[in-house]
Amino acid sequence: MKKSIIKYGILLFSLATTFSCTKLDEEVYSSVAADNFFRNEAEVMTNVGRIYAQMRKITSRFGAGSLDLVGTDECIIPFRETNLWYDNGLWIALHQHKFDPNLSVMSGGYSFCFDGISMCNQILYQLENSPVDFPTKPKIFAEVKIARAFFYYRALDWFGNVPISTDFTDVTLPQQSTRAQVWDFVVGEITANIAALDDAPSTNNYGRTCTKAMANMMLSKLYLNAEKWRGVSKYDEAIAAADAVIATPGYQLSDDYFANFTPTNEGSKENIFVVPYDKTKTPGNILQIHCWTLHTLSQQTFGLIAFTWDGYAGMEDFYNSYASTDKRINSWLVGPQYSAGGAPLMLNSTRQLTYRNHINALYNPTAPALLDDGVRFKKYGYESGLKDNESMSNDWVVFRYADALMTKAEAIMRKNGGIANQTAVDLVNQVRFRAFGDHTHDYTIATLTMDELLAELGREFAWEYHRRQDLIRFGKWNTPWFEKAAGTVNDELYPLPTAVLNVNPNLHQNPGY
Amino acid sequence: MIILQNLKLLRQLKTLCLIGCLTMLLPAISMAQTAVSGTLTDANGKPVPDVTISRKGGSALGTTDAKGHYNVVVKTGETLVFSSTGYQTKEIVYSGQNPLNDQLVVSFNKMDEVVVVGYGTATKKEVTSAITSLKPSDFNKGSIGNPVQLLQGRVSGLNIARPGGGDVNGSFDIQLRGLTTLSGGQGPLFVIDGVLGGDLNSVSTDEIESIDVLKDGSAAAIYGTRGTNGVIIITTKKGRAGQHGLEFATYTSIQQVAKKLRNLNAAEFRQAIHDHYPGRESEFDGGASTDWFKEITQTPLDQYYDMAMTGGAENFNYRAAVNYREAQGIVQDNRNRRMQAKIAATQKEFNNKLTINYNLMYAETRRDYTDQEVLQQAFRRNPTEPVYDSTNKLAGGYYRNTGPFQYYNPVAMIKEEVNQGKQQTFTGSARLTYAVAKGWNVSAFGSLIRDQYKNTLYQSRYYPIGIGNNGTAIIGTGQTNSKLMELSSDYRKKFGRHDIQAIAGYSYQYGTNETFGATNAGFDVDIYQYNNIGAGNALSLGQASMSSYKESNTLIAFFGRVIYNFDEKYLAQVSLRHEGSSRFGANHKWGDFPAVSLGWRIKKENFLAGVNWLSDLKLRAGFGVTGNQDIGNYRSLQLLAVGGRFYYNGQWLNTYPPASNPNPDLRWEKKEEYNIGTDFGFLNGRLSGSIDYYVRNTKDLLWTYTVPVPPNLYNSLYTNVGTIRNSGIEVTLNATPVKTRDLTWNTSLLYSRNRNKLVSFSDNDAGFKLTDLKQGYIGADVQTWTHQIVEGGALGNFVALVFNGIDTAGYPIYVDQNKDGKIDESDRRIVGNAYPKFQMSFSNSFTYKNFDLAFNLRASYGNDVLNIHRLYYENFGYLGGKNILLSALDNPNYKGKAEYSSRFVEDASYIKLDNLSIGYTPNLKTKVIKKLRVYATGQQLITITGYKGVDPEVGLAGLSPGIDAYNYYPRTRTYTLGLNVTF
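Chains as they are written, first to last, in this note's numbering: chain Y, 1 to 513; chain G, 1 to 983.
Check each hint, because a few of them may be wrong.
Unchecked claim - The list that follows gives simulated cross-link-like pairs (lysine to any residue, SDA-like), each with its CA atoms no further than 25 Å apart:
1. G:K895 - Y:Q96
2. G:K774 - Y:A93
3. Y:K387 - G:K110
4. Y:K387 - G:F516
For the record, the hints were derived by calculation from the structure and aren't laboratory data.
With the rest of the complex left out, here is chain G (with noise of 0.2 Å):
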């Protein structure tokens, strides 16, 4: 209804568009025009590519090849801007020369790139929050499956982490600038083209233009409720004037295992029985040597190939991409096969008053899921036991030990199940600008997201989980869709040294979320696999499954900005968005986020122009108010859910049972966000940087607090009550220390600390009451917490009774703290912190002549890990039955038992090179390819630290972070070949 609406409207707003410019286009046609070509060289005579040339002060004409050549139409007497980045910008008046060549100069000066700030482009002297902006240039290279491994170690403050290892088709935890809630959602909000919460897996790497991070709240608060984990703002390519060509890359890679967990081999193992359980050796022998580990992975290979073509003149231009990749795991069945195509062509109509532009992303992937738990399975397995055994028909062949508690033959598991997923997600966007009027635009645009998956999975008959279900299939599939709408106008006017621009804009979005899944069980053969759920027996049994479920929610704002500025000395920036989302409680469905920042260019005060060493110094002030909305549908009303059921008259009937209180109240997590930072540039920029320090205070905290009952219906409220309160620096340093014909260094270093703290989290008045939070739950067998958040105190505590050595009887001894003779929960000390106290990261690159070279090193330090496997394994407990680790023999006389202690809180400081690439673009005669490069990148090659475990990087998300997985994933290193084309 709405979006039909929208339709009719825009109709009539075109219809008054064509009949206000078909009047303004008739004195344009006279004048006489002439085709210009050229070649643009710097200083060294080498071509330059990706010059934009432009007619001043109007739109692009063309762009220069990578041989530095370039066609455009012009008329004598007009100015042609050349610009690109790294060279000074350069104006010419055409006056008939043909060819026309020139010269460019080199310059440091970053100023002048643009910076993408969220609905609209600002230059990066004119930004007056922290905004970090990457090209390209500024990526992580190598075997790359998702946008935001592109970022990691590349921004300050943006923490990326990869909590299921080298699963191919695991996620990411992305945290910024430290964790600002309890309960709500951590990550970021994307946009991607302008699409609000566009989705990261239809964005391909290799058509990534630009990455810009909105990392304070002055800056992000414009996306109001969504704006609190901060905004990353993702700019795909698109066709440019004067730019045909067809690029093509593909590259091949391989993984090999750096670390994985080091178990008893078979010798060891019956070694360690005989020192051990003397005169029980035959009882846990079985007969074989298996290396469990080599049993279930295999040497993966990932391939890659992307096409993509692009062309266009002043008024028309597009750009057409598609790539395949397939991603293996370390683990057999772990696999990701992906494609994804995207069109986007842009169109000028009404002497390029309107400007039209479309773009369409679709991505097609299918997964193959690998189940976690067969690793831990293969380390903890008799490595003495033998992978099959012919006899036992039951198990189908496989070598079946029902024995020791939760013990499942790894390769059965890993043959004996199938478990698939397929997604597709479409993207399509269309946005209209009308020029009204010099510096004045309106613009109409309309997005839908459309996510469909179907996960599939068959464990059959021999699956070693549940032998005598006969097979177990489930199907569940999903569909998701989110609509956008938005309507801006924006302004632009120069009056003499007064720049001011402003947006003012209306946003709906609105989005659904359905699912189905159904299971069954008891089939006659195993050939359907999931394909004929139907056939099993389980259903006419009654012992099938079968659910669904539907969401939908709201988001509706009205956002304006106004950026000013003083002769590009004194700048100001003001914004606001008044926002409302379906999800808040009844009485506070609407809140406003206002951000206001300030900043002063010392530089081109008097006092500094004869300073010619400091090329640009300026300091930024900014504050801004987010929210976070990303808590889930439905959480302030009283549901009512189909409960357990009860036998009445003969039948078992459903109940209806509260599933929560109502909480009319329920709002939005606030935050409260300043910064002050400083840019500065040495040298012509040649050395540049900027340091931020901010604090962010999130108030009204949500929290699922404990409720008498009764009076309350259900136990427990979700409602706001706490503040948590975040607080570093980040200091970003890029610099380029030669740069000579042949050889060019440009380098950067990055330095962030967070500090976290939870200022409160009761509210006693109002009978919500927290004394800690006990957090991170530790399972099988041991059944405790690990993580203690109290008032005051920072986020990320290990809480631990503190180890003080092993007895001469072989027991730990624990740090009785209160000397009330006993150990207790109430010895429990801090013993560690998951957060990390800095991190650093520190990237280069070389070019020498053909050759370029670019690594990447990251470093953290002062982040803790409880290592869970030495928690369960490095003991003599559950030798027999299971392996445990070779470190366990260290201590041979150890005869404590699996538990938490301060013991195996690891400092799990690191420095990782993470990337080390090395390419060569050959000079080539041929006129067919204008480029090419090869390349060879090794990723995750070196890993330095203390810690014991697989990878000190473990997820980070959460209110218990730092627990390393217990189902784990190797880690490994990734060696690339690629080529790059362009033809």
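Isolated chain Y, as found in the complex (with noise of 0.2 Å):
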């Protein structure tokens, strides 16, 4: 009985220890585990190109592409009838100007900026720790650091006081930065990665546009604005800049307005920056601006297969600033509303979809806006046959040629004392040329005022994520219109996202917030 009880105890504790293979290592099949990739110039590349990815997420409805947009007198999204668009007051809010950090729209544009700063600095880490060597690797050492600067001018235009972080392996909780301090990083940061960097676009990099052009745009967008963000007058500089784009090879204004924005716009020699987008290779995050736009009655105009969302329309007085024979008036679909073949679209058995340049009201739920209320955003062309969760292919336009002209303009104004003298309105009346073909509408010494150049500037870079700092820049912003009070200065920085300062008890939230 002994025994037998030894041998098999014996038998039971070998067969359990043979088993006892205690290994509880993870296989992964369908993902790649972080320490085991970037080992060549190939998968090095697909490494940066994250940024590019993580650049998409500017149009994203709930962060980045709604800071420069829905709060500005250009845009307004309605409560309409049969209860639509109301979600929480989000869009109230934002065209109220009463931010609040708890604002998705808040914590999402921040992510924006500062996961892309995150990846930027890990990209960098990564590059410099790589055994992979190639000729174009300083160039891209310059690229990421450009594409860096570019979030934080982000963050510093929105955020203004946030963290600057620039070492992947630093795992302390950063300290927060004064607005001034950031500018004068991202200021040196582009100045010193500049040379490095492509003069322009080409075949080769078309998509990672970090180059000379878009950095000079960059910085002179950060001189025009310095007076703001920096409290010092940088005109000289930012013109410098922006001749800097201008004597670029290669760019100029495109001769039709439009064709800046066509499904195909990378073929545009005006462009400088811009975000590419395709239906079918850029899932996840996509343009939309059909969707946000247009009433599903208008898939048949466009021959859409998406269902659209009626929400975004232009605003009354903003559209009214357009004369009849501009043509860059056709960036608004308005009036009865036909399909492609004619026939007209029917709301009901009585009425026809009728986009009207009046909104009822901002927020009334015993009269609110009507589904057809509000002019509708035409100026990226939509391409037929987009499905449902289908990506625009038109590539989202950041910085274009034009805008240099206008910057340069109106550097050369405010350093005037905000008169304008003949270089400027040359420059301006460039593209106030092409927007109604002939001379009759141009711009005299006298007749460009500030007051003319800023509603210039809205026409020309209408729904462009421009207005909100133009607004700003030239003391607008905080001015009452259609729905919405008089603002204080402090509402010319959004707040920083409660989930942020949750996180870091360094960072301290900006004024009035």
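Can you join these two chains into the complex? Each is in its own frame, and there are hints to help.
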């Protein structure tokens, strides 16, 4: 008995220990473990490319894409009949400049910047430690730093006082910097790295357009806004940077304003910095302007399959600022709507869909904006056949040549005490001529006032994420407009998101929040 | 590799056994054996079926049939033991009687009933932890597709809800003793015939012998990292010695709508338009009168056929069963067809020293899925619109109106979509048990579960969402495998008044999951459906998609347990599981899960010996540690996923962004549970019951914390921080108030209450800080959260503006709690809680002569439900393009919009008559049929509730429990007629 106990005991023990190959390592099949990648140039490039995938979040409605659009005087998202678009008051709050650190767009915008910054830091760290060497490596370093500078440029504009992090291996919580410090950092980064970049886009680098022209464009904006952001005037520097863009070979104004915004706008000679999207190649962070703005019946006008949401519209006064002969007025869809075949689009048996340049109210549950209140945006061409959850293939334009002309003109005027000279007038008239096709609408030194320049910037760059920066620089951001009261200087910075303050006790909220 | 090694070793083991046993076999062959038969009856002369006749201290020899008759082979001088549930066990020394007829005496005492405790069994009197054991007579009756439905209202502390309502493909939320996790799995571990993580879909409800629910930590700790949410052990029927027969069962049932959402009919709609939009009547009038609900529903018919055959002798028995069930839902395209088959066999060799069990189960299910949005669309569809419009060629002849937002013809949604799934599940297991010496067994167990599915969907060119796609086909397939290998040795010995049983073992489980999916669109014709997915032109346009995925995980454990009692008076149990899971971080792969529990049967003490009315009294106390590893694979690693593409050198290239931060410290959520309880019986067990009180603390709760970026790479980290506490009381009372020759009445009453509290979820030192968690998202047009969890607060709280009536202008008034003159989120307060304050159920069964009757009432008190349909549709905001609730007309001047407030958080306390069943078992003259029973059952017959929505019983899983489903499914009553025959 005892013997057999021992015998079987040993047997069981040996059985158990044989199986107790007590290894519990996880086998990964469908992802890549991070320490096992980026071993050659191609893999390094898939790493760098993440920056550009991140940039596509620039149009995200619950983040970056709303911060420069929804609170301006060029766009409104009203509460519409049949309970549409209330969304817990988000769009109303943005319109009325009742910015709150808990609004989803704040954390979305912050993440756009700082996910991008952290990503750049990691890529730089990996590049430095990569045993792989190839000729373009120094240029890639510069490119990643310029991309990081772009994310900081947006953070500086929106949130101002943000932390500066450059070292991926530093795991301590970063300290807050002042807006002026961030400005100095970004300008320093650009000037230090610009020389290593390509001059202008080519087929090789289209889509990763951190070029000299892009960097100079960013620089000219930083200088143009330096009075607000840094507390010093830098108009000569702004002019010099804009001149550097203008002098870059290959850039010119497109003959057709709208050619810059078509689904195949990668051929544009005017676009300097774009965020490329593609119908099938860029799922995830997609461009859906058609969904934002069109009523779903407009499917039949543009041959869309995708369901559209009937939300964003142009503001009445903004639309009215266009002359009827201004070709750019065709950025907007207005009036009774018809299918591509010419049949009227009927909301029901008696009511034709008619986009009217009037909005009943921003928010009035009993007399809400009608389904077809407000003019709709169609500056970017809508490609027929777009399906649900498909991106437009149009590349989103961040900087274009016209921007350099206008920036230079504005810097000249500001340097000149807010008064135009002939150089400024000539620069603006280049842009204006294209809009009308003749010189009868050209500005003169007398007619090109600062107010007129702001209006012209609005018309030229409608919904190009210019307007907030421009309104603040022209001192108009805090003036009242339709369904919005006058604001204070504190409204010129967005609040740091609550989630960000919660996790980093070094950070303090911006004044007024 | 491991399996091969295993087989080799098993073979060696077998050879060793052979040599060892052959020598012991020899002396056993000589003595004379006699065939004996007889009939067992009760005191009233009624035959007693299912009595096990066994040799004292040995194996079962036979079983009585429906007429109380048995045949066994015995030797003169042997002691036979007659045992059966509900009767006192009787021993008779065989001295040549033939026939050997006898009478059994009724017993109410359940203390000798066998309870499955996981890796073994014990009698109820030995148990020292909270375990509920149910036999088929305790199960719910009627048309039941899933074994968990058998348990609803039958186990105190176990909450079973069906969030998908009457959807025949819907799943169940199962919650035991409250929510123990924020982000881990919330379901219990199922152990089916020893297979850990067994598949419920392959278990036929007619084949279940018993279900045992291990509720407290001291019972569940033997299952280690999977024990936190409780363990449900299902044991299926096996062949039994001397029982030979054929069983046939069938039923058919229909469903009837008990409650649906009441919207405006065409006449009411026209009137409402006239009242609210005078002058715009024609704008909203489609010229027809359509009952959209009727257009998409049917009267569902279920049918079920089951055949089982069984037989056996002392050394070999088997049971085979096959069944087919077809269930239809109230929505036209909703159907579930399932075939289940099983074979179980047991053979004994080497003088009964080696026992071999085989158990094979197979299930094949075909599902026709219903898109529950169809019901929502039918609800909000303008009732004046027609179903069809033969002039609309684009929409395939269906009436189409693209004016209102997300508004689709529900009839077209049903008819122009085929959405089907096929699933095949195989479970096979084998167990070898060798009796090394008296009381000592060694055992090897292996099992394999293979689950394969294929889901297929085709939306024709006329499917109303995305017209212009020209047909969309989607195919998704997957396969999961789970292999389990367990070695164990158990030992039991009684010496003097000491009784000890012990088990030690090793467990290895490896699971994989693989999926594949493809979509395509743009088909020339609709006739292929999904059977020629390559034919669509979206593939060549780069608009089709393809995906595949694979994952695997491993669980390894060593476990041991000792159960001891002294004179059946002082009881103790100690167990430990040392377990590791591949899912945890490199620094925490392994954990220890100990448990200890003690019992004191006071009734056995001398001072209670004379108290005859008290038949049993036991006190129990236990403590156990369990874990929850149901968190998904690879959560501790830093992975790079294929990210968005970027444009480079004229091509779109993939990028590899980080998908997660690494966390080498990731470990299991650890639950520590204290349980004290008492089991008692009065009047010889005629009234019995138990009371339990528990406190369960789940520590190291896993949650995804926002972390600063930089320095982190990814903005969140999945890590162990918080603590949840649940505490509660469970009471079970069983009684047999009447037991006469003709009439028996059994009744049971259950009560349970649970309180929970989120003790903490911040660790400021480590930088994981949460002020609160806002959960429960109401989407379209409202976009807000519904629940808020704060430290020190309860889970399941609805936090909303407090509604204080409607002002004269027609707008809602909300209480300005902080008196700051404006109404915003800071004015929200706790306005309800989704979890019930207590739950009860009351079940009864009667037999009178040949008739039997059973019913079950179930009640819940204090549970609040957010009535999402009133929130959206009890106002006039949607009226016009869409339909609204009839109840909106109660406040005709209301001008508010769809808003979340206390107004729509309703007390949803309820009492339900869950089940009412009447059966008749005639006395048959024929010898062919041993037993026949016909019955009629009604399920969910009556619901008494103040809740204004469809059903007060809504999903309670997750962190935002108690929100009624926006895409709802109507509540139905089910009526079943059935027949059971035993040949």
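Hints, one by one, checked against the model:
A distance of roughly 23 Å separates the Cα atoms of K895 of chain G and Q96 of chain Y; the hinted pair therefore holds under the 25 Å criterion. Under the criterion of a C-alpha separation no larger than 25 Å, the hint pairing K774 of chain G with A93 of chain Y is consistent with the structure, at around 20 Å. Annotation: proposed proximity of K387 of chain Y to K110 of chain G is violated, straight-line Cα distance about 66 Å (limit 25 Å). The straight-line distance between the Cα atoms of K387 of chain Y and F516 of chain G is roughly 23 Å, inside the 25 Å bound, and the hint therefore holds.
Comparing the model with each numbered hint stated earlier shows that hint 3 is the single one that does not hold.
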